[in-house]
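Novice: Now for the letters of each chain:
Protein chains: 2
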Amino acid sequence: MKIAVCLLSGGLDSATTLAVARRDGFACHALSFDYGQRHRIELAAAARVARSLGATDHKTAVIDLRLFGGSALTSDIDVPKDRPAAEMSHGIPVTYVPARNTIFLSFALAWAEVLGSSDIYIGVNAVDYSGYPDCRPDYIEAFERMANLATKAGVEGAQRLSIHTPLIDLSKAEIIRAGLALGVDYSLTHSCYDPDPEGRACGHCDSCQLRLAGFAAAGSKDPVVYRP
Amino acid sequence: MKIAVCLLSGGLDSATTLAVARRDGFACHALSFDYGQRHRIELAAAARVARSLGATDHKTAVIDLRLFGGSALTSDIDVPKDRPAAEMSHGIPVTYVPARNTIFLSFALAWAEVLGSSDIYIGVNAVDYSGYPDCRPDYIEAFERMANLATKAGVEGAQRLSIHTPLIDLSKAEIIRAGLALGVDYSLTHSCYDPDPEGRACGHCDSCQLRLAGFAAAGSKDPVVYRP
Chain D
6 MKIAVCLLSG
16 GLDSATTLAV
26 ARRDGFACHA
36 LSFDYGQRHR
46 IELAAAARVA
56 RSLGATDHKT
66 AVIDLRLFGG
76 SALTSDIDVP
86 KDRPAAEMSH
96 GIPVTYVPAR
106 NTIFLSFALA
116 WAEVLGSSDI
126 YIGVNAVDYS
136 GYPDCRPDYI
146 EAFERMANLA
156 TKAGVEGAQR
166 LSIHTPLIDL
176 SKAEIIRAGL
186 ALGVDYSLTH
196 SCYDPDPEGR
206 ACGHCDSCQL
216 RLAGFAAAGS
226 KDPVVYRP
Chain U
6 MKIAVCLLSG
16 GLDSATTLAV
26 ARRDGFACHA
36 LSFDYGQRHR
46 IELAAAARVA
56 RSLGATDHKT
66 AVIDLRLFGG
76 SALTSDIDVP
86 KDRPAAEMSH
96 GIPVTYVPAR
106 NTIFLSFALA
116 WAEVLGSSDI
126 YIGVNAVDYS
136 GYPDCRPDYI
146 EAFERMANLA
156 TKAGVEGAQR
166 LSIHTPLIDL
176 SKAEIIRAGL
186 ALGVDYSLTH
196 SCYDPDPEGR
206 ACGHCDSCQL
216 RLAGFAAAGS
226 KDPVVYRP
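One line per chain: the protein sequences are D and U, in this order.
Residue 233 is where the first sequence ends in our numbering, and the numbering goes up by one at each step.
Residue 233 is where the second sequence ends in our numbering, and the numbering goes up by one at each step.
One thing to keep in mind: the hints can contain errors.
No copy is singled out in the list; a pair is fine if it fits within one copy or between any two copies.
For lysine to any residue, the following SDA-like pairs were computed, each having C-alpha atoms within a straight-line distance of at most 20 Å [unchecked claim]:
no.	residue 1	residue 2
1	Lys64	Asp39
2	Lys7	His169
3	Lys64	Gly41
4	Lys86	Arg53
5	Lys157	Pro142
These are calculated hints, taken from the structure and not from any lab test.
Using the sequences plus the hints, can you model the full thing?
Specialist: Here is the structure:
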């Protein structure tokens with residue numbers, strides 16, 4: 006069976022991506038990161054999702070990105086709430102974590118090389134991407150090119166590593182419809198940047214707003230619990 | 006003053022690279038990694054070198070690459086000893102750590118972005134590079150290209166990030182001569198992959214052999230202590 010490394014945050018997009026990788030016939034090695042994020046609760050969601058979608062293995066790498074700061078997700082900067090859609094789609098928000106996807110993909114590359122895998126799945130999205138530079142197609146292509154020069158396989162010309170981004174051109178509603186068709190149980194996922202101590206979503210951060218708008222546009226109801 | 010992030014392992018090459026960055030007029034933020042390496046003692050050397058060469062700051066990121074295994078430097082595979090030079094210069098040795106430089110450069114990229122720096126120094130070397138794929142010039146160029154698409158600055162076109170590799174075309178002897186001319190105290194550095202409990206170098210691993218041959222070719226004496 007072909008092996009893939011699948012980045013899995015525990016959110017809606019990465020859960021859908023894992024389901025696509027499973028449908029594509031891969032034995033999936035799911036990889037999550039405990040990076041000092043304030044919504045650390047997503048790691049429990051990642052474990053639930055990995056189990057539910059039949060991942061072969063699930064590892065969580067501990068890397069404390071609070072070492073550098075610079076993001077509302079890893080430091081004491083406030084998470085923005087109730088931003089209008091037009092504002093969310095322009096500029097880079099304070100929830101951007103510097104070089105996060107580059108770091109995550111680098112770890113995935115290391116694991117892929119050890120496993121002898123030439124396939125990495127990541128749930129980046131260039132439509133509702135909330136202004137993050139490291140979600141754009143030209144960035145992913147450049148990472149793939151670099152990765153093929155970074156590894157033993159690259160030197161030996163044995164195999165070509167591919168970064169799969171099945172969601173990159175989909176709207177949030179299309180992602181949700183695709184996931185529902187593949188049997189993803191979205192009640193297991195977690196998206197909120199600012200959950201309360203019981204893990205309930207705030208409903209007002211960029212991530213909650215994109216998620217709620219996506220379910221509405223898909224004509225479906227979001228099964229996660231929002232705080233009153 | 007211009008700011009640079011300088012990868013610093015505590016070895017001979019990275020110490021020389023830091024000295025070059027200081028000579029180039031940068032305020033240097035040195036970055037080391039506690040990644041589960043068996044020669045963890047190099048971290049104390051990194052701290053000594055950072056202080057000695059006047060780094061502005063020195064951080065050590067903790068990332069446990071033993072999570073994936075696959076290298077003699079992070080798992081229980083034996084470190085090879087007394088390999089002939091011809092063998093060292095062909096193929097990829099078991100001391101290769103999958104995607105290590107990609108991971109290290111990704112963290113440097115994150116810190117550079119937070120600091121507003123557009124300069125990263127890394128002491129890779131394509132001459133005596135011991136067969137590592139992620140030390141080659143085309144790999145470094147591909148990383149630089151990717152990095153410029155990964156970050157806020159890349160999106161906003163504000164500045165161009167450069168990966169500086171001042172040692173890439175130098176022999177070990179040339180590196181040592183350059184470092185001595187810049188006042189590097191090599192007694193503070195550590196290169197051995199397999200030190201004894203007192204931190205003394207083995208003299209027989211690839212790293213020790215390259216270092217000893219380099220000092221001999223430079224007409225100088227290695228000031229570190231080798232075990233009898």
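Novice: Determine for every hint whether it applies to the structure shown.
Specialist: Evaluation of the provided hints:
1. Lys64 / Asp39: Both ways: Lys64 and Asp39 sit 10 Å apart in one copy and 19 Å across, limit 20 Å.
2. Lys7 / His169: Cα proximity of Lys7 and His169: one copy only (14 Å, versus 38 Å across).
3. Lys64 / Gly41: Both. Shortest intra-copy (16 Å) and inter-copy (16 Å) distances satisfy the 20 Å Cα cut-off.
4. Lys86 / Arg53: neither (27 Å within a copy, 45 Å between copies)
5. Lys157 / Pro142: between (25 Å within a copy, 15 Å between copies)
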